[in-house]
Every structure is written in C-alpha cells, then in structure tokens.
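So the sequences go chain by chain: A, B, C and D. Here the first sequence stands for residues 5 to 338, where the numbers follow the numbering used here. Here the second sequence stands for residues 5 to 338, where the numbers follow the numbering used here. Here the third sequence stands for residues 5 to 338, where the numbers follow the numbering used here. Here the fourth sequence stands for residues 5 to 338, where the numbers follow the numbering used here.
It should be emphasised that the hints constitute simulated quantities derived from the structure, not laboratory data. It is possible that some hints are incorrect.
Given that identical chains are not distinguished, each listed pair holds provided it fits within a single copy or across any two copies.
Stated by the list, open to error - With a straight-line cut-off of 30 Å between C-alpha atoms, the simulated BS3-like cross-links for lysine-lysine are:
id, residue 1, residue 2
1, Lys281, Lys122
2, Lys74, Lys147
3, Lys54, Lys205
4, Lys74, Lys54
5, Lys67, Lys10
6, Lys122, Lys79
7, Lys324, Lys17
8, Lys74, Lys205
9, Lys122, Lys67
10, Lys324, Lys202
11, Lys67, Lys202
12, Lys281, Lys330
13, Lys10, Lys205
14, Lys54, Lys202
15, Lys155, Lys218
16, Lys10, Lys155
17, Lys202, Lys281
Next come the chains, spelled out residue by residue.
There are 4 protein chains.
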Amino acid sequence: MIVILKHNTQEEKRNQLIGWLKNQGVDVHISQGEYQTVLGLIGDTAKIDKDLVASLDMVDSVKIVTDPFKCCNRKFHPDDTIVEIGDVKIGGGNFCMIAGPCSVENEEQIVAVARSVKASGAQLLRGGAFKPRTSPYDFQGLKATGLELLKIAREETGLPIVSEVMAVNDLPLFDDVDVIQIGARNMQNFDLLREVGKLRKPVLLKRGLANTVKELLMSAEYIMAGGNEQVILCERGIRTFDDYTRNTLDLAVVPVLHELTHLPVIVDPSHATGVAKLVRPMALAAAACDADGLMIEVHNDPMHALCDGAQSLLPEDFDKLAKEVKAVREVTGK
Amino acid sequence: MIVILKHNTQEEKRNQLIGWLKNQGVDVHISQGEYQTVLGLIGDTAKIDKDLVASLDMVDSVKIVTDPFKCCNRKFHPDDTIVEIGDVKIGGGNFCMIAGPCSVENEEQIVAVARSVKASGAQLLRGGAFKPRTSPYDFQGLKATGLELLKIAREETGLPIVSEVMAVNDLPLFDDVDVIQIGARNMQNFDLLREVGKLRKPVLLKRGLANTVKELLMSAEYIMAGGNEQVILCERGIRTFDDYTRNTLDLAVVPVLHELTHLPVIVDPSHATGVAKLVRPMALAAAACDADGLMIEVHNDPMHALCDGAQSLLPEDFDKLAKEVKAVREVTGK
Amino acid sequence: MIVILKHNTQEEKRNQLIGWLKNQGVDVHISQGEYQTVLGLIGDTAKIDKDLVASLDMVDSVKIVTDPFKCCNRKFHPDDTIVEIGDVKIGGGNFCMIAGPCSVENEEQIVAVARSVKASGAQLLRGGAFKPRTSPYDFQGLKATGLELLKIAREETGLPIVSEVMAVNDLPLFDDVDVIQIGARNMQNFDLLREVGKLRKPVLLKRGLANTVKELLMSAEYIMAGGNEQVILCERGIRTFDDYTRNTLDLAVVPVLHELTHLPVIVDPSHATGVAKLVRPMALAAAACDADGLMIEVHNDPMHALCDGAQSLLPEDFDKLAKEVKAVREVTGK
Amino acid sequence: MIVILKHNTQEEKRNQLIGWLKNQGVDVHISQGEYQTVLGLIGDTAKIDKDLVASLDMVDSVKIVTDPFKCCNRKFHPDDTIVEIGDVKIGGGNFCMIAGPCSVENEEQIVAVARSVKASGAQLLRGGAFKPRTSPYDFQGLKATGLELLKIAREETGLPIVSEVMAVNDLPLFDDVDVIQIGARNMQNFDLLREVGKLRKPVLLKRGLANTVKELLMSAEYIMAGGNEQVILCERGIRTFDDYTRNTLDLAVVPVLHELTHLPVIVDPSHATGVAKLVRPMALAAAACDADGLMIEVHNDPMHALCDGAQSLLPEDFDKLAKEVKAVREVTGK
C-alpha cells in the first residue's frame, strides 16, 4: 500500500500517522518529494483500512499495490481453470454454448427447446425457474416445479442444466441442478455467495449492473474462499446513460478478465441487449474477442414466434448463429 | 399501456398483435397517425409483458401509463406515512436524526457514542453489526455480539436502535432491534425484502448504487405487499463516472420521492460522500430540500480522532451540525 | 407526438392545454382511459417544444413518435450510403481500414508508418495535427506543419489522409485533407458542425463521451442539413463507472445505427480502450458485428517500441490484425 | 509522478524504462517492495506522458501527485477570487442571484422579466440569444438581436447581463455583454476557451454533462492561462443512468471545488432538473451547501404561465424563493 500525503502536512501529524501505521504491524518507508511525501507500507497491509486512511485530511490518496483477490488471481494460478460439467468443459480453450428459454413454462416447451438447441450444438440447457422480478406482482417463475421440468428435459436430451437460485433457503432444491446461477442483482448478496461457496458444484456468477471488474472478482473470491473453485464469470451488460438497449454490453471486460483471472468468462448477449436482432451481432463479437462461451435465450413458443421478436431467438436462428460462432472462433485462432 | 407501432408495419402483422393482445384480456383502441399507429390498451394491462411487446420488430416503443407501484403510491394514499418507533416519529413533518458509528466495536464505544449523540438531539442510534464487505477477507462485523452491545446502549440511553440485516436466516437475531436496515447491495434481494415484509416493524430501505427511483419504489412495494407498511426510504448516493467522492449524492430524488410516494425519505451523507468534511454541507443541503431525516456516522474513537478524518464526524462536530440542521429546517418552513 | 396526462388533471386545465396545442397548428385526438388521458397530436408537431410540454404539472410524459432526424434516417433513404475518397469506399459492404499514429511527429515517422500500414492493407492514413488536450500545458500537435507532413506521406504512398479539425478558423488549412475528423469533444460543437456541413468532403464524426445514439444522429443531421452528405459515424467508447479501460466500447451501437441510418459506421478500438493489448480483441469484435471499418493507432517509434505498450500497435501487430479482421469478415458473411 | 511496476517485471525491461525516464530529465527513486517496485519521479514530470507510461505492459499504474492545474489551484492562491461585474460581486462570501428567461423572445418580455427579478433581488440578468440545440431544425435563438434586447433590459434596470457564446466568430458581438457564458457542450471546446482567455471580462463556465471535477478545472485553466482570471464555475447537472430528472444535480461538487480552487462556484438548478417544481428545493440545497450563487430561469410569458410548468419559475415564485435562499444563507453562517 502506498500513501501519498498532501503538500502541507505538518510533521507532527505525519509522525502520528506513521506511528499508528507501525502499530498496525507494517513497516513504513518514507520518500520525500518536492511537493509531496510518499509512504510505502511493507508487510501485511491487508489489515489496514484503505478507506479510513484515504479519508484523512492529510492524505492525498492511497494506492493498493497488491490485488485483494487471491484464489481467482491469475498471478498465483497461471493456467486457465477448466470447469467440467459431466463431459462438458468451459475454459482453457473449451468454448461452451448455453441455450434455453428465459422461463421454464411447461414440459412440452422445455423439452422441445432442449432438443432443438442440442441439435444445434448447445452443450448446456438454461431455463429460469426462480425469476428475479422488479415487481412483486409479476410472475415469479414455476419455482420447484420448474426445476423438475428442467430435469425431465435433461433426461430426454442428456444436456446438463443451469438455473438461477435467489435464496439461501432454496439451495436444497438445487441439489440435482448441474450449474447454479447467481444473477446480476445478487452479485453482492454475500450471504448467498458464501453458501454456494460451501457447495462443490459449478457456479455461474453474473456481473452486477453497476459493478466493477474488481468487485466481480471479489465476489468470485467469496465463493472460492469457501473452497468451491468452479466459478464461471458472465458479462451481461452494465447500466449506463445509454437508452437504446436495455444495458450496455461491455465486451472489453472479456480480455481484461482473461488477464486478471484464470476463471472462464462467458457472455450473455440476450439480457445485455434485450432485443432479439442484436443477439446475433453481439454473440459473434463476443466469440471474436475470445469469450469462453455464450448464454443465449431460445424459445419455441408460437406466441413469441408470431411476434417475431423479444430478446429470445427462434430455434432456427440459434442454429444458424451457432454455426457462425464456430466459424468466427476458427479464424480467430482459438 | 400505449403501444406505438412502426411506420411500415404490415396490416397483417398488426392484426396478429392486436388479436394476441385481446386474447390477454385487454381492449385495444387504435389511433392511426400519418407516420405511426398508436394502440391504447384498456383494462388489466398488468398481465401484459411490456418487455416482450417492446422487443417486437413492429413496435417502436411501449409506454406504461399506470404506475406499477400501488401500496407506496401517493395517488392512492395522499397523506404522508408517519413511521413510529416508540416515541420517535419520521415523516409527515417529523424530522429524525439517526446517528452512530459505522461499526459497533465494543461496549464502551457504542455507549459513549450513544450518549453523546443523544445529548446532541439524535433520536435513533445506528451501528453496524453485520457488515457488507466487498472482500471476504475484510472484517465482517461483530454480528450477534454487535446487536447485543447495541441493546446495552439502548438501555443506557433510551435510544431505539437501527442495524443492517444481510441474510434471511439472521432475521431472528433482529427480533429486538427497533428498525431493520436493508443495505444498498440488497435493495433487490427480493427474498430478503419478502421476509422483512412479513414482519411488523420499521424497515429502512437504502437505494441501490445504480437503481432508479421506480426500482426503489418497487422494492418498497415488495415489503409493503407483505403487509409491512412501515418503510423508510434512504438516498445514499449513486454510482456515476464521478471519481472525487465515493458516490454521487442525488438530492433531487428527495422532492421527487415526496411527490410519488407517501413514505418518509431520509438521506445518508456519510456513505454518499465517504469524506467527513463533506458530511456537513450535504447534510444541510438535504435538510434544505426537505428530507425527513438524516443518517450520520459519528465516532468517538481516539485513533480515528487522531487521524481527524474518515467519513465519520466527531461528537462535537455532530453536535454543531445538529443545531445547523435545525436552523435550516426552521427557515425552509418545514 | 403523444401527450399522456396525469390521472387527476382538471378538465379546465386540460382544455387550456388542448386549446394552446391547437393554436400551435396541430390537431388533437383525445383518448380517455380509466387512469389517464392520452392526447395524440396530428400534423406538424416539430414546432411544439417537447420539453416545455413534458414539464407541465398536468403532464405525465410526452412521446415523440416521428424521428427528429431526416437526412440520415434510413426510413427515407433505405440504401446504404457509400462514402468515396478517391478509390476508397466506406459503407454498403465496403470495409475500410484507417491506420496511423496518434500524433504526426516528423516526416520520417509519418512516411514510415504510412508505408507500413499501406503494405498491411490500410486504405486511409490517420494522423493528429491539431490535438484536443485536457490541459493547456500539454503538447497541442504540430498543427499546420503536421498537415503538411501528412500530405507528404500521402504523396509517398497514395493513401488519402484523415485528420481532426478543432476550430472553424482552421478549416482553410484542411482544404487539401481528404477526410475531416470531428472529435468526440466537438460532437456537439454545433458551430463547427454547421461549417463542415458547408463543405463537400467526407466528415468522420466521432460519438461524444456521453452522447446518446439520437444525439449522434442529430449531429450528423447538422452536417447533412448543410448539404454535405458524406458523413462517417465512429464509435470510440463512452464514459461509464467502469475504470479498467479508458472508456467503455459500446459495440451494440453498430447494429443499432445500421438500422436507424444509412451512413457508414466505423469503430476506434484504440481510443476506446487506451490499451494496446485490447485493440486486437476489440477490433475483431467490431468486425464480427458488422462495422464498416476500423480506425487504429499504429506507431513505429522505437521509444514506444521499447516500451512495448501504449494504445498504439506496432506495424507487425497491425499487419497480423488486418489479416484476422479480413478472415472474420469473410465468415460473418459480409 | 509515481509509477508502480508489476510484480514480474524483468530487470532488463525495468532498466530500459528507468533509462528512458531519466532521458526525459527526471530523477528516479526506486523503492523495492515484496510484490512490486515503485518508481518515484522527481523533477519536472509535466513532460512525461502519463497515459503512455500507464499503458506499458510492465506498469501496474501511474499516480500523478502534483495537480495539473496551477492558475485556479487554491494551493497557490489561498484567498477566494471575487469576480466583480460593476457593483456586483461573486465569491469570497458574496452571493449572487442570476435570473432571467431561457431565451430572449422580445423587448417586452425581457424588460418585464428583468424588472421583476431585479425587484426580487437578482443582481444579474441572464437570457439566451444563441441557443445550443441538439437539432438543426429547432429554434436557434434571436442571436445578435437577442443581445441587443438584453442591452435594452440592462439600460432599463441597471442589471448587468449574462449570455452564452457558441462560436469564436461571434465573440465580437459580445463586446458589450458583461459576463460571457460557456455552455456545458462547449466545456471542452478548447479553441473557444482559448479565445475567451484573451478577453478581460468575466466568464461563466458550465460543467460538461460527463466531465470530472479535474476536467472542469483544466478548462478553467485554459481560460486563465490566457490571462483572464475572472472565471465563475457552474454546476448544472451530470448525465447518469437516472431518468426521472433531465440530469443529476451533483451538489457535493460545491464544497469539493471550494477546497480545490479559489474560483467562485454557482449552481443552475433549472437546467439540472428540467422541472420547475424541483428548482426551489434544489436552489435551497445549493444555498445550504455554500454555493456562491444561483442561476435560475424565470419567465413571465402568459402561455407558459397558463401551463404552470416548464423548468422556469414565475416571477412570484422566484420572489419567494429569493427570500428563502437568503434565510438559508443566514443560518448556515455565510
């Protein structure tokens, strides 16, 4: 940790601070410049409250030089983590296509979609059973029944299943779900993160609407600190002033995360844009910048089909997209 | 709900949509303009999925004309809600000063701060026992012990206590806490909102870092839909491109919320700015624009005092501020 | 234009508003719902001040249903605009690679970079002569001399040149520059837009740091309304809360602009990210989502080369990237 | 300047960088930590390109420790600047009320508004003659005629006048305008800033929609570096994800600017919110947090009055507000 003091700091104040820092168990190197004093803290600086020090009147700024994340840090674990779900692999050069409907609606729907996306090359089936809804009056999902229907679709197709959990007390219902999804609104639900950290099954962690890269990594760290190392990160759009798409898909995060962490990074273009016709271009872009997978909404509902819209693709569109994604990945050398 | 169709929509597509809408149980009024067709939906439009309709190729945009929030809507409940905690009232012209340390550290600290803020006119004591921390390696609070220490401070001073809950399974520990706080990161933890909605005690609901006014009201609605009508809203800064304060305090939300809802609205200038010397000006500004209360961090810790900083005020600063806040409220006529 | 009135609007107030609207020369259709009244304005609504109407106490919201942009609107001009610069074409399926150094430094540098990027397939040479700098104390570019050096490089290589203009009074210096760039900070310098609208040469218009898609199109409209129809739009990153790249590259804007306008849309991954190693992945992503071109910083300066960094690529990296971009475009079917 | 190198930097690379830095004329102090190396640069670091250094592969981050702004920096000029316009003073404890219509419409209007706001205590008259409009098809103001009408209103009332300039070539028309306003969209129109820096009259500089505090100060620096020291800064709302007001008024910037600079800081609640009924609470909040003045839109147009809305206040509302602002300032001790 580096502490930069303001120009006009009194020596007495400065010495009080240095004394206090040393009491916390760190060594302090003083480097006196023309316009400022720089304190370099050596030792176990994790105990020092950065915000507290930064807020002192005499302090210009504080710079953390060691990353606060350990388990997910590529520095300490240079090889890509490969998350395995049965025969399916994500990461380390293994690209994974996850597809399925926004919500599980009934057996016919989920089985039909599962068959169709499997035929197009999807390796995992997604489907919402517990739905995070802004309004308490909106449909909240089929819940336990939805999970049962997903399992039927798995039995029919062999596709492992991914579904979102919203509450610690619902976790037992997910015992037989292959990948547990933590949604964007729960990215900093630390209680839930801690609990899935106790499990030994893959967790798909979505980036929050307004969370930084470091915060995403620290949330992965909550899970991994509990011993669960099978974490898949997912970019799904951030909230900005932009109003022409639901969220702003932040693709540069993919190569940035690849540098900072060994965990696989996938992209959800359906939720990021909220518009079906933007799913294809954004999926191709994600594949081109080296995402480890895509999570795409596909429906086969004639009502939606009639409408020719929503953020979900029709099975035939998904089939075409899957081929294009494969072609892009071949030429970008991954 | 109003649906604006694109210029070049084929009549057949348009009729399919109208047919589908009527099947959902609403009447459709068609108004044909030179460049667009406007569909006015009459009846119970709550069942219609706005996002689905908006994402159709033929649809330019969809406008919801009835507010999705009911219980907290001033239209249906014109009088201010006054939340009562023992003798303390918030809302309806009753201003409430909530003060206390960021974290409960030990009995001596919390009792001393409680006495001091009470002497300065605070009506509620705040103190963190369960702390939401970005890092799993940071201090997570004294937890149950912290709550016990708060109760001791309450016994010593008579001040009712406010503390943050982070997990549904911790709620039993809060049985004897007077006001339950839901932090910014949990504003859309719908599971937790639903559970505190089952209680019959005041909930202080903080606005999330990147949540809109409507989302804040919908989260209040989750609590109130469960029958718990004692909700206090709290603005504590939003995340923007700005980097000179921890968050951007959004004070215009205070009069805007007063128009939309009957619930009391308070402001937390300590967390919003993260800098002690900005607490006074932002607290005065909040009082001037008619907030129903303030939530302010106060410490009496000599280590912090030495440092003359952090986002917490010293007791003597709080005392001076409380007097100024009172004076501002007198001249702004509330 | 559609005006939605609030629930409790008095009939007298409503009639005053309708009378005033009719005085402005529009017809008003009234549609009375259970909870609101919707006014549909028919006729020349361009004269009506939307903001004024929206701010009335009785008005819930106002919805513009006809696009405010005409010249650049695909509705009125369905075919792609192809901007031609000598033999070079941008748009309508013609992909264009623009490359060159951030700043023109000297003849040797600019000629060497020009030769190298030409050999790699670049069709236009970029180079900054007038530099927008946040600080008045920073290097402001070689100005007129820089433009002369660009012309020498053009003579040596045949590559047409692109350079940024910052002031109306400098425009005469750009008489012999092939494409005039308007930088992000000047996207709403309406005076400058109007002046380049009087020219008959291509203008490369960069999106402002915090400007919406509609604002970008309206700025193009300023240029086109003056009769200059050769406008190239450029996405170069927006300002968000994100702090790990200089800006957040907003690639979904590419397909969105393709739908709204017939103008070509290119992407500048160098300025968007500010980091050399992110240029390749973001350039490939832009190509995959159907951008009409890329604008990439390339240097050959040994000092920079030593440092192996900055947001500029080395010539050999650019060469490799150009091949990959071509391959991506081939498989994405453009 | 402090340069923090990454953990695994090769010594050869490190030495190359140090050699290059020394060639730029600075001394380099090396401080070797367990996990990183910190280089402290001593001497004239202004010549070193921070972005270039920061983007090097081996560099973790760069920290500027001396402020890039000099003329407007309170460190070098501790006393408040008081800008004087005739008898009117802004700054150094002198509060200034600026009021007037959004646009100058005709003589009757501007003279009537001027008389009314003067009677209520306004000290400066504002009025738009050149209007920045997103659309080229919208009314662009009365231009030169508008300025002439403002001068008539000045003659009638004695109030000095403030109006916005949008183009360098229009500056001669402003010879007899008392305060020149630079609008938010032109905050980084460096050409225009440089030109008003050559004048010797007060400039009111509005913060851009998405500009940081440092960028605002650097734009003031452009003006002051030209020798014009009479700069008034103005907060007028920033662009965020929020959608319930036109912009988000960022009041914490007022005390922050007071600490960083000696220049006066005023607030424009009319443009920040875009809603008349929010002007009063935000004006009072600005006064409470120690702004040096307010800029408020006032109209007397019966059409607007009919509508009882817009972002402009009626004269009687302004009169009441002016009294309340005065009362707030009295109790907050300024």
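| How do Lys324 and Lys17 come out at 30 Å by Cα distance, when the copy is not named: within, between, both, or neither? | between (67 Å within a copy, 24 Å between copies)
| said: Within, between, both or neither: how does the pair Lys281, Lys330 come out at a Cα-Cα threshold of 30 Å? | reply: both (19 Å within a copy, 24 Å between copies)
| message | Within a copy, between copies, both or neither: which one fits Lys10 and Lys205 at a CA-CA cutoff of 30 Å? | response | neither (49 Å within a copy, 34 Å between copies)
| message | At most 30 Å between alpha carbons: which applies to Lys10 and Lys155, within, between, both or neither? | response | neither (61 Å within a copy, 41 Å between copies)
| Is it within a copy, between copies, both, or neither that the alpha carbon of Lys74 lies no farther than 30 Å from that of Lys54? | both (18 Å within a copy, 29 Å between copies)
| query | For the identical chains here, do Lys202 and Lys281 meet the 30 Å Cα criterion within one copy, between copies, both, or neither? | reply | neither (39 Å within a copy, 37 Å between copies)
| task | Have a look at Lys324 and Lys202 and pick one of within, between, both or neither, based on CA distance no larger than 30 Å. | result | neither (39 Å within a copy, 45 Å between copies)
| task | Have a look at Lys74 and Lys205 and pick one of within, between, both or neither, based on CA distance no larger than 30 Å. | result | Intra 20 Å, inter 41 Å, cutoff 30 Å: intra-copy only.
| said: My question is about Lys155 and Lys218: at a cut-off of 30 Å on alpha-carbon distance, are they close within one copy, between copies, both, or neither? | reply: neither (35 Å within a copy, 36 Å between copies)
| query | Is it within, between, both or neither when you check Lys67 against Lys202 at 30 Å Cα-Cα? | reply | Close neither inside one copy (33 Å) nor across copies (39 Å); limit 30 Å.
| message | Reference check for the pair Lys281 and Lys122, CA-CA at most 30 Å: within, between, both, or neither? | response | Classified as within: same-chain Cα gap 22 Å, cross-chain 35 Å, threshold 30 Å.
| message | Checking an output row: Lys67 and Lys10, CA cutoff 30 Å. Within, between, both or neither? | response | both (14 Å within a copy, 14 Å between copies)
When held up to the earlier numbered hints, the structure conflicts with 3, 6, 9, 10, 11, 13, 15, 16 and 17 and fits the remainder.
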